[in-house]
Amino acid sequence: MTTTQNPPAAVAGEAHTTTKPTAPEKSRVRSDRAEAWRRRAPLMPALIFLIIVTQVPFLLTIWYSLRSRNLLRPEGEQFVGLSNYGDIFLDSTFRQAALNSVLITFGCVIVAMLLGLGLALLLDRKFFGRGIVRTLLITPFLIMPVAGALLWSISMFNPTYGLVNWLIGLVGISPVDWTSEYPMFSVIVALVWQWTPFMMLLLLAGLQSQARDALEAASVDGASAWQTFRYITLPHLRFYLELSVLLGAIYVVNTFDHIYLMTAGGPGTASANLPFYIYQRAFLGFDIGQSAAMGVVTVIATIALALLALRLIFKSINAKEQS
Amino acid sequence: MASNGKLTGKQRLGWTVLTVVVLLYALFPVAAILATSFKTQADLGNAAFLPSNWTWANYEMILVGDAQELFLTAFRNSIGITLIATFIAVVLATLCAYAIARLNFPGKRIILGTALAVSIFPVISVVTPLFNLWRNIGLYDTWLGLIIPYLSLTLPISIWTLAAFFRQIPWDLEQAAQVDGATQWQAFRRAIVPLAMPGVFTTAIIAFFIAWNDFVYGISLTSTEAARPVPAALAFFTGASQFEEPTGAISAAAIIVTIPVVVLVLLFQRQIVSGLTQGAVKG
Numbered sequence: 001m002t003t004t005q006n007p008p009a010a011v012a013g014e015a016h017t018t019t020k021p022t023a024p025e026k027s028r029v030r031s032d033r034a035e036a037w038r039r040r041a042p043l044m045p046a047l048i049f050l051i052i053v054t055q056v057p058f059l060l061t062i063w064y065s066l067r068s069r070n071l072l073r074p075e076g077e078q079f080v081g082l083s084n085y086g087d088i089f090l091d092s093t094f095r096q097a098a099l100n101s102v103l104i105t106f107g108c109v110i111v112a113m114l115l116g117l118g119l120a121l122l123l124d125r126k127f128f129g130r131g132i133v134r135t136l137l138i139t140p141f142l143i144m145p146v147a148g149a150l151l152w153s154i155s156m157f158n159p160t161y162g163l164v165n166w167l168i169g170l171v172g173i174s175p176v177d178w179t180s181e182y183p184m185f186s187v188i189v190a191l192v193w194q195w196t197p198f199m200m201l202l203l204l205a206g207l208q209s210q211a212r213d214a215l216e217a218a219s220v221d222g223a224s225a226w227q228t229f230r231y232i233t234l235p236h237l238r239f240y241l242e243l244s245v246l247l248g249a250i251y252v253v254n255t256f257d258h259i260y261l262m263t264a265g266g267p268g269t270a271s272a273n274l275p276f277y278i279y280q281r282a283f284l285g286f287d288i289g290q291s292a293a294m295g296v297v298t299v300i301a302t303i304a305l306a307l308l309a310l311r312l313i314f315k316s317i318n319a320k321e322q323s
Numbered sequence: 001m002a003s004n005g006k007l008t009g010k011q012r013l014g015w016t017v018l019t020v021v022v023l024l025y026a027l028f029p030v031a032a033i034l035a036t037s038f039k040t041q042a043d044l045g046n047a048a049f050l051p052s053n054w055t056w057a058n059y060e061m062i063l064v065g066d067a068q069e070l071f072l073t074a075f076r077n078s079i080g081i082t083l084i085a086t087f088i089a090v091v092l093a094t095l096c097a098y099a100i101a102r103l104n105f106p107g108k109r110i111i112l113g114t115a116l117a118v119s120i121f122p123v124i125s126v127v128t129p130l131f132n133l134w135r136n137i138g139l140y141d142t143w144l145g146l147i148i149p150y151l152s153l154t155l156p157i158s159i160w161t162l163a164a165f166f167r168q169i170p171w172d173l174e175q176a177a178q179v180d181g182a183t184q185w186q187a188f189r190r191a192i193v194p195l196a197m198p199g200v201f202t203t204a205i206i207a208f209f210i211a212w213n214d215f216v217y218g219i220s221l222t223s224t225e226a227a228r229p230v231p232a233a234l235a236f237f238t239g240a241s242q243f244e245e246p247t248g249a250i251s252a253a254a255i256i257v258t259i260p261v262v263v264l265v266l267l268f269q270r271q272i273v274s275g276l277t278q279g280a281v282k283g
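Line by line, the protein sequences give chains A and B. Residues in the first sequence are numbered from 1 upward in steps of one, following the working numbering. Residues in the second sequence are numbered from 1 upward in steps of one, following the working numbering.
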């Protein structure tokens, strides 16, 4: 992206040569440097702000994680090294919350991706009213997540008047208390519903960037719809599929609203994921040290996911630049 | 996807049925909460889709009745905080994206990378220190105390979206206008601003959407009506009496807070969809 800029900037960039600078050149180098900083100036407010607001608190989190700090026992604050980390890995609730995080994230992302692919394929066809159908299908993504969580726990999954029970009652199945008997399932269903449109939009963008002539050539050559999908569309979509899974996972792994409002992590801690358990330990259990240690672990896990996503994005950009 | 040729009647019927099923999947839950919001308290216990007596009582309760203080103040807080955060984010991101799209300097990739890294940073891992910090410096439970973290949510994506938009603007137009005798400012205002506005506008909607939806900061960094935004307030709803679940009121509130966003996004759907996918796919 640095190669395709406007000419004056490119000329300025060439001034940094390796030849020994004579006196006038020296001042030119200096003014170039000033110029370079002047160019960066518009970036600085946003960048400095971002770093202060996110990284200073994170440094504090690391600091907390190395200390024993429990607001219920104020006298006990001291440096404890890595023992908080040791404690959390011995904490079976933490391990369960981590496992729940993985289950919720991958359950939601994979199902939403498959449904989104189905919807994208449906919308990639030309039919009457396609624009309206697409608009309506995006709706779940536009619902405030808190409202979405409440909508599922109240209107859909409520044991006495929920519509899911009404629906299964129509075929004679007795009512189920969804959010306490199947808390993980309930949360995943609500999340899948909310995230399907995001997947659909990304994959639809992928489908519509396909070269039409390749598809036509395939149909002229007598390929079946399945063969066309399997050998032309799917390889083309691979990047979009991977990207939607990774981007989806980065967002969904931080799910908090749905757990808080639908199950409150319960029953017990059966459906707590990492963000919820961290919140619980800090704001209800007042154990700042351990909560901070879990926060650090979550950050590391997220960074690992994000690095995968970044590599994918830059790989595709490089591939596009080379072609 | 495959053939665009003529479909037989049976195939056409199949696709139509499929489309209807898919629409039901997307819209049934929304319709359900809409229906719930019109049910009377007695009616709530019935497991039926439509209310037997339609009533505005739930809307009255949160707009003019007992729950109005809780809901309307939260609504005002949300709108105020979100608009201010959106405005600042768009101004700062415009400067930043302009520099990224227009100027050449080393470290550009690092800046975009930083913005991306910040945008994926798990909010939950910084909320406790912010809580402590805000309590110490008096930002806890204030508008500013939420605006600042909301900027950290909205700035990175604003920078990415705007940079993608700005890269597509034909900046030569500016020089062309200057050759034609316009001053630099005139050239910028007449030639570039009209081209950039749709991008700026789309970014503003996306930023608004993200700040509007936040729950973690909203519930952790506020404690009273002074700054509590709508998502946090929804979690604090209680019924008319302690023993009554506030289901109807919550449903009505959920509908009210959802409508502005849905209308906004549907009106500008085309720009937003292309903005979102550009930010995500083109990088």
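One should not assume that every hint holds.
To be verified - Here are the in silico distance ranges between beta carbons for each label pair: (1) T142/B with G118/A: 43 to 51 Å; (2) F79/A with S223/B: 42 to 50 Å; (3) V102/A with W185/B: 51 to 59 Å.
Hint data in this document are derived by calculation from the structure and do not stem from the laboratory. Built from N, CA and C at the ideal position, the CB exists for glycine as well.
Exercise for the section: Can you let me know if the beta-carbon spacing of T142/B and G118/A is within 43 to 51 Å? Expected result: holds (46 Å)
Problem - Hint check for W185/B and V102/A - Cβ pair distance inside 51 to 59 Å - result: For V102/A and W185/B the Cβ distance comes to about 55 Å; the hint holds.
Handout entry: C-beta pair F79/A, S223/B: status relative to the range 42 to 50 Å that was hinted
Key = violated (31 Å)
Of the numbered hints stated above, the single one contradicted by the structure is hint 2.
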